[in-house]
Amino acid sequence: QVQLQESGPGLVTPSETLSLTCTVSGGSISGYYWSWVRQPPGKGLEWIGYIHYTGITRYTPSLQSRLTMSVDRSNNQFSLRLSSVTAADTAVYYCARLLHTAIPGQSYNYHYMDVWGKGTTVSVSS
Amino acid sequence: DIVVTQSPLSLPVTPGEPASISCRFSQSLLHSNGFYYLDWYLQKPGQSPQVLIYMASNRASGVPDRFSGSGSGTHFTLKISRVEAEDVGVYYCMQTLQDRTFGQGTKVEIK
Chain A
1 QVQLQESGPG
11 LVTPSETLSL
21 TCTVSGGSIS
31 GYYWSWVRQP
41 PGKGLEWIGY
51 IHYTGITRYT
61 PSLQSRLTMS
71 VDRSNNQFSL
81 RLSSVTAADT
91 AVYYCARLLH
101 TAIPGQSYNY
111 HYMDVWGKGT
121 TVSVSS
Chain B
1001 DIVVTQSPLS
1011 LPVTPGEPAS
1021 ISCRFSQSLL
1031 HSNGFYYLDW
1041 YLQKPGQSPQ
1051 VLIYMASNRA
1061 SGVPDRFSGS
1071 GSGTHFTLKI
1081 SRVEAEDVGV
1091 YYCMQTLQDR
1101 TFGQGTKVEI
1111 K
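Residue numbers (the working numbering), protein chains in the order written: chain A, 1 to 126; chain B, 1001 to 1111.
It is possible that some hints are incorrect.
Calculated lysine-lysine pairs in the DSS-like style (CA-CA distance at most 25 Å, straight line) [unchecked claim]:
id, chain 1, residue 1, chain 2, residue 2
1, B, Lys1107, B, Lys1044
2, B, Lys1107, A, Lys43
3, B, Lys1111, A, Lys118
4, B, Lys1044, A, Lys118
5, A, Lys43, B, Lys1079
6, B, Lys1111, A, Lys43
7, B, Lys1044, B, Lys1079
8, B, Lys1079, B, Lys1107
9, A, Lys43, B, Lys1044
10, A, Lys118, A, Lys43
11, B, Lys1111, B, Lys1079
12, B, Lys1111, B, Lys1044
Now the stretches of chain B that chain A is said to cover, found in silico as 3 or more residues with beta-carbon under 8 Å [as the list claims (entries may be wrong)]:
id, region
13, 1035-1043
14, 1087-1101
I should point out that these hints are in silico values taken from the structure, not numbers from a laboratory. Think of the CB as a built atom: it goes at the ideal place given N, C-alpha and C, for glycine as much as any other residue.
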């Protein structure tokens, strides 16, 4: 079955750029949307954004000016770059697949996060 | 932006008894296609979140039928008909009508 694995540096210096990669195994990155979600220590979940395998993106407004997502179909990976980080960006970062399901009577689908990675902890500190 | 209020934030439960979690939104989650754009997720201790319900009332694959989702307009409910010990964790609602917004989370623990 499809598995996701986040990777990246566990420590980032304030004002620098956080870069994470999610590697998809057991299935193809093609045909799906892929999402990022983060969880600050002791807090709830925050949706970051998603990217389609074709490169179409949607970001949460609060991070949009600092956020870039990309997809590498040849390596079955997708990535996140968050610039100008501060301590507030310290969190566990999860990647997830958005599974599409048909909506009765419609030509488009509904998408929900059905497979998640184990998460990677990123600390922003000098 | 759609604002969500999830309640309660903490829910002690007795195994075998029912449990209910509520999410209220600042605007209706009804899409023009007639369906409600809301998911429910459970994050068990030390684990990644897992989907329970999508489109307000559809159980995801492999989810036990003791879990059910209901609601309309701005108010939605997740119900567990008979709580089991393995159901402990934090439950989140998430609207998907305008981008995505998670609720604050409800921590379910055994009494």
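Verification of the hints:
1. B:Lys1107 - B:Lys1044: holds, 10 Å
2. B:Lys1107 - A:Lys43: Within the cut-off at roughly 11 Å; holds.
3. B:Lys1111 - A:Lys118: Roughly 28 Å separates the two Cα atoms, so the pair is violated.
4. B:Lys1044 - A:Lys118: holds, 12 Å
5. A:Lys43 - B:Lys1079: holds, 23 Å
6. B:Lys1111 - A:Lys43: It holds: about 22 Å lies between the C-alpha atoms, which stays within 25 Å.
7. B:Lys1044 - B:Lys1079: Holds, at roughly 17 Å.
8. B:Lys1079 - B:Lys1107: holds, 14 Å
9. A:Lys43 - B:Lys1044: Within the cut-off at roughly 14 Å; holds.
10. A:Lys118 - A:Lys43: holds, 17 Å
11. B:Lys1111 - B:Lys1079: Roughly 18 Å between the alpha carbons, so the hint for Lys1111 of chain B and Lys1079 of chain B holds.
12. B:Lys1111 - B:Lys1044: holds, 17 Å
13. 1035-1043: With 5 residues close enough to chain A, the hint holds.
14. 1087-1101: Satisfied; 7 residues make the cut.
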